[in-house]
Amino acid sequence: MNYFDHAATTPMRPEVLEAMTPYFLETYGNASSIHGIGRNARAALDSSRRVLAKWIGASPNEIVFTSGGTESDNYALFGAAYAHKEKGTHIITTKVEHHAVLHAMEQLEREGFDVTYLDVDVSGAVDIEAFRAALRDDTILVSIMYGNNEVGTRQPIQEIGELLQDHQALFHTDAVQALGTEEIDVKAIHVDLLSASAHKVNGPKGIGFLFMKTGVKLASRSFGGQQERKRRAGTENVPGAVGFQKAAELVMTEREDRVALYESLDLALRQRLDELGVTYEVNGSNRLPHIVNLYLPGIDLEPFLIMMDMRGMAISSGSACTAGSVEPSHVLSAMYGDSERTRQSVRISFGHGNSVEDAKRLAERLQEVVSTFMNGVR
Amino acid sequence: MNLRTKAPEETTVVVGMSGGVDSSVTAHVLKEQGYNVIGIFMKNWDDTDENGVCTATEDYEDVIAVANQIGIPYYAVNFEKEYWDRVFEYFLAEYRLGRTPNPDVMCNKEIKFKAFLDHALRLGADFVATGHYAQVEYVDGEHRLLRGKDDNKDQTYFLNQLSQDQLARTMFPIGHMDKKDVRVIAEEAGLATAKKKDSTGICFIGERNFKEFLSEYLPSQPGEMRTLDGVVKGRHDGLMYYTLGQRHGLGIGGDGDPWFVVGKDVENNVLFVGQGFHHDALYSDALLASKLSWTGAAPAGEFRATAKFRYRQQDVPVTVAPLENGEVLVKFDEPQRAITPGQAVVFYDGDVCLGGATIDEAYRNGKRLDYIG
Chain C
1 MNYFDHAATT PMRPEVLEAM TPYFLETYGN ASSIHGIGRN ARAALDSSRR VLAKWIGASP
61 NEIVFTSGGT ESDNYALFGA AYAHKEKGTH IITTKVEHHA VLHAMEQLER EGFDVTYLDV
121 DVSGAVDIEA FRAALRDDTI LVSIMYGNNE VGTRQPIQEI GELLQDHQAL FHTDAVQALG
181 TEEIDVKAIH VDLLSASAHK VNGPKGIGFL FMKTGVKLAS RSFGGQQERK RRAGTENVPG
241 AVGFQKAAEL VMTEREDRVA LYESLDLALR QRLDELGVTY EVNGSNRLPH IVNLYLPGID
301 LEPFLIMMDM RGMAISSGSA CTAGSVEPSH VLSAMYGDSE RTRQSVRISF GHGNSVEDAK
361 RLAERLQEVV STFMNGVR
Chain B
1001 MNLRTKAPEE TTVVVGMSGG VDSSVTAHVL KEQGYNVIGI FMKNWDDTDE NGVCTATEDY
1061 EDVIAVANQI GIPYYAVNFE KEYWDRVFEY FLAEYRLGRT PNPDVMCNKE IKFKAFLDHA
1121 LRLGADFVAT GHYAQVEYVD GEHRLLRGKD DNKDQTYFLN QLSQDQLART MFPIGHMDKK
1181 DVRVIAEEAG LATAKKKDST GICFIGERNF KEFLSEYLPS QPGEMRTLDG VVKGRHDGLM
1241 YYTLGQRHGL GIGGDGDPWF VVGKDVENNV LFVGQGFHHD ALYSDALLAS KLSWTGAAPA
1301 GEFRATAKFR YRQQDVPVTV APLENGEVLV KFDEPQRAIT PGQAVVFYDG DVCLGGATID
1361 EAYRNGKRLD YIG
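Chains as they are written, first to last, in this note's numbering: chain C, 1 to 378; chain B, 1001 to 1373.
Because the hints were derived from the structure by calculation, they are not lab data. Some clues are possibly wrong.
[What the hints assert, rightly or not] Here are the simulated EDC-like pairs of lysine to aspartate or glutamate, each with C-alpha atoms no more than 20 Å apart in a straight line: (1) C/K230 / C/E111; (2) B/K1114 / C/E275; (3) B/K1179 / B/E1334; (4) B/K1291 / B/D1151; (5) C/K360 / C/E254; (6) B/K1081 / C/E256; (7) B/K1179 / B/D1140; (8) B/K1211 / B/D1237; (9) C/K54 / C/E327; (10) B/K1081 / C/D338; (11) C/K95 / C/E327; (12) B/K1081 / C/D300; (13) B/K1367 / B/D1315; (14) B/K1081 / C/E327.
[Said to hold, decoys possible] Computed, partial: chain C to chain B, Cβ under 8 Å: (15) E302; (16) P303; (17) I306; (18) M307; (19) D309; (20) M374; (21) N375.
All of these numbers come straight from a predicted model, not from anything done at the bench. By construction, the Cβ of each residue, glycine as well, lies at the ideal position given by its N, Cα and C atoms.
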């Protein structure tokens, strides 16, 4: 399998599709209806909610289904900011968040909120002292991702959570990229809000959830029916929830195997690159095991990615971009400043279906393409 | 080297797709012929419209739609820096000199058939293809640049600076078609861009007001408008806003024939005006041009040809005399109106585009005209 872009999205597991199918074809009722087929759908939804809650150490009524990571992030940030603005307008985040957080923050700034964007060190992690210094009495919200989607670097979530225990600020973490491999207990890390998405963990696209700790108040972002305890209006995506449940169950039973697999793929890739004499450096450290961001000095990113695609290899650069605007990755810029490195790095992300042979083949294709930039080939 | 005999299925062609109908049909036709086709969108200019929407994004959306309809991979590539350095800087420099540059000629020479071609070759392509109305034919060991079949659309004027190396790697798959037939093919294939309006004007200015655009980049120095006899007829907004032979925007009223721009004195910031479309001062019988480039072998000496001095002009008989310093002297059989410094002079032998140069000076009876002085 030559797909190495699992941080973008993953293939759905056949077991997931199998679990979902009856909820399209047979138990298709509206989970809010009063009749039998509706109740059956509702039962499945609740069962999914229980499993997903257990996955992160939460209670079922703390899980609000959404359409995915972006909606969860937006709901958490705007919901928290609007609900608590009388307590203050200060928000803390980092420079390496996903755009679903960063662009929401920019909008909150336009609306008058005061946002501090924490720097990261060269490994991609925020400094706990810098966080402590940024925290103010009028801080109402802190949003820091669990693990970075471009370089994989984990953030000190638990330490920050502990620091915030006696503070009014709500603590949100975007765990979308981390949930496939990390064992996360929302109580242990002291978060109030956590975003999750199914399609990053071999589940279906179009469903995610926001963990909302009991007692946390968010301003509503959608108005309509009374679904999700009035927290998120709209007919429930029952097949999606069932699929997400199945994907989460697979993560829970396979977690250690997955971590071991990704670590072996990472190793195989780098060993093969070394054997082939490719010059590279890994960006970031203390990484989520499925993400390897490689600095390949001397490459020109646009043709590089095209040439990899022409060889059937699906990898990516940090930020997807439209219409040929190559903006250097904001994550790498935060780590390395204005450096060529931000424009000469590619992201490889492993997942279900990748084998050690695949990783070696990827290394060989990388070597081929890198060499075209080294020989002055036009 | 002639790659044109390679079987289509063994030939990779990168198509420069702009999101317009011509390049859409170009990609479609090549795919139908069995070539291994890759569509690449060039982003050369960073621009957002009044709604904050990147104008290139819309065009790229069309490229994506068409590429998916045809069934070819598509990518985007950014040449903003190359375009700025090699085309836009030249464009501004020419205006600073009071000349009227042709950025399309420069864009073809430096971007589409240099930066883009290099990019395509690096990817392993055999050819680049574009939706230009022109043709390339391999005859007697030479890649000849021929006029597009559609007289009204022929774009060889803009391609005059291409060399043998560039032509050897170039395809113009719709050059033998009429524009209306290109539309028909697009409609029959149901391509998303079949009914899309043709773009007009200079690509980076688009539909905007030219004067406003230029004033963002160059300071305008208003000055006097005078007749060649020194009679002051009014004020001009800055010499760069006017081109030779122009009628509109002078604002000179009164009796008699309309007024036209007949020359510029850059040193003293004076715009010369005269009455009548056929004002005598607009006519010259020879020109001197530089940046000479031949599409094939350089001619041995003086030769007869036809020439165009601007796009969409009927070419006229001339005698071309390449000079030792790399410039070229072009003598016209009949006097020509409004030979404009900065524009291209392009030479033809029948349907073959021989090459061209950039007009520097115009002459009448051996005397240099004050078109730019």
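Taking the numbered hints from earlier one at a time, note which ones the structure violates and give those numbers from smallest to largest.
1, 2, 3, 4, 5, 6, 7, 9, 13, 20 and 21
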